[in-house]
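Assemble the complex: chain A is given as a structure, and chain B must be docked to it using the hints.
If you read the protein sequences in the order shown, they are chains A and B. By my numbering, the letter at position 30 of the first sequence is numbered 30, and the numbering carries on one by one without gaps. By my numbering, the letter at position 86 of the second sequence is numbered 86, and the numbering carries on one by one without gaps.
Hint data in this document are derived by calculation from the structure and do not stem from the laboratory. For glycine and all other residues, C-beta sits at the position ideal for the given N, C-alpha and C. Be aware that a few hints might be false.
[What the hints assert, rightly or not] Straight line, CA to CA, 20 Å or less: simulated PhoX-like cross-link-like pairs of lysine-lysine:
1) B:Lys159 with A:Lys315
2) B:Lys159 with A:Lys73
3) A:Lys49 with B:Lys156
4) B:Lys155 with A:Lys243
[What the hints assert, rightly or not] Which chain B residues stay away from chain A? Per the calculated CB distances, all over 10 Å, these:
5) Ile2
6) Ser14
7) Pro20
8) Ala21
9) Leu110
10) Asp113
11) Glu132
If you want the building blocks of each chain, they are given just below.
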Amino acid sequence: MSQPQTMSQKILSSRAGLPSVEPGAIVEAAVDMVLANDVSAPMMIRGFKEAGGERVFDPARVVLVADHFTPNKDVASALIVNEMSEFASSQRLEHRFEGGRSGVAHVLLAEQGLTLPGELIIGGDSRALTYGALGAFATGVGATDLAAALVTGRTWFKVPETIRVQLSGELGPWVGGMDIALALLNTLGPEGAHYQSLEFHGPLVEALSMEARQTISNLMVESGAKAALFPVDQATTDYLAGKAKRSWHSVAPDPEAAYSRTIELDVSGLEPLAARPHLPHDVAPAHSAGYEPVNQVFIGSCAAARLEDLRVAAKVLEGRTVHPRVRLMVIPATPALALAALREGLTETFVAAGGMVGPPSCGPCAGGHLGVLAPGEVAVATANRNYRGRMGHPGSRIYLAGPAVAAASAILGRLASPTEVVS
Amino acid sequence: MISGRAWVFGDHISSDAIVPARYLNQRNPRSWAGVVLADLRPEFAEQLGFGDFIVAGRNFGCGSSREQAPMAIKTAGVGAVIAHSFSRMFYRNAFNLGLPVFACPEAASLVHDGDRLRLDLFSGAIQDLDQESSFQAEAVDPYLAEMVSAGGLIKKVRKQITGH
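Same shape as in the complex, but just chain A:
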């Protein structure tokens, strides 16, 4: 009889062809999906050729997304997208996204039904953890790992221990996935989930939208987590109906599975939060996190630019005006979201308030494109990293927060809680 296993152990053992796997063991496992973006693809393609690769292991299981420097920022970026495009054509890849069909990879792939429960997914981007929201073991790797997986269809994993995260309570007004994620990062600290997997449990889980789950899984890499898995429930099944590009099988942890520890978060009474510069774990209630003048507000990124987030931001901005000092940049994460925002009138609200609405892409999140910061400038972003220099000059400062706080801050020109703007 096999040992009781967590979700992560079950997925890894199934893909490694073993009855069970123990934390700490190194296993070689078959991957279900390999993602590369315009940062990781060039090194991946070079590595694939150097490794002697001729055909990728499965053209339906490799996806290329140009999102970081799109629309092409300069000649160097355009050359990268050309190279990705040529590789996708010559390898007959079934899933490639660029131009008006592209968006932020981690929002796009889930939306396209390309990442499914029970799957083992690697992405050349740390935010690949996002697909854990769907019950996948998904993790970020470097370009060389991608290259090797393209050739062999497999990669190596050190089986992680699993931390059980018990979520309970009821969410108050203006509190969402981003606030839960920041509260968890604050509890875990920068290394609290180092080399470990997180598994979410508790009565709050079924009340969380798929959007909120994706935001939470997305941010957990900041505590060093290797994967962050939500259970597969009715909400997952409903979300995937009509979307899933492959058949999938649910996966659940064994009741007797062993966890390295349990952390608990009761969200009742949780206020809208913000992470202060320069660590995502330095978290305080938004109304008291900082008082400095804000120059830029970014509502976008793979952390929080889904429809639920855009609706919340629009609700705060509706009929109001962005502070004269503030540049507000709103970037719906995918073309489908851009269209939904247009149809629902959200785009009109953003533009009427004095905001810019950008093309689906990573935007200024990584500091490479579309709205970088000058020395001394302060930004509020619904993104996932606020390390020094992340969004531009190393002398700039970034606060991370959910869409309600970001929108309120855009109006008041300082970090603000939505209740300071909306009654």
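Leaving out everything else, chain B in the frame of chain A:
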């Protein structure tokens, strides 16, 4: 055995700080080496001697999975990175590329900037020649050690599929 000067950095040095995203659309590894850690210590890339060491605190290489970070450090000529601890993705990427990295909390807290160090790449024994002290880095997993001996992940895969 390699030797060089210690360049000391703090905790949570992110891959954004090692190679800022604004340089990620460059393709030549030399272009990343030229800006490595420049936002934190502008003189580092310029004054770095071949085989010098980065000595850092906790969670070195945290944040983005970008392999440009260990690639920049390796291309710049750093002999090895010694840190209290490493982020998972940086650690993995370093082995895949063949950049020597050693976890050694004691050395990370006691070595001073500018100290001359000597390191045995096989045993992980570190000597601080200025302080006349020695430290032992944590052991490397045999699977990773074997991959480094094979010349990194790409060479290992190449051998698997082409036989040479």
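Legend entry - Numbers of the earlier hints that this structure fails to satisfy, in rising order: Hint check: 1, 2, 4, 6, 7 and 8 fail, others pass.
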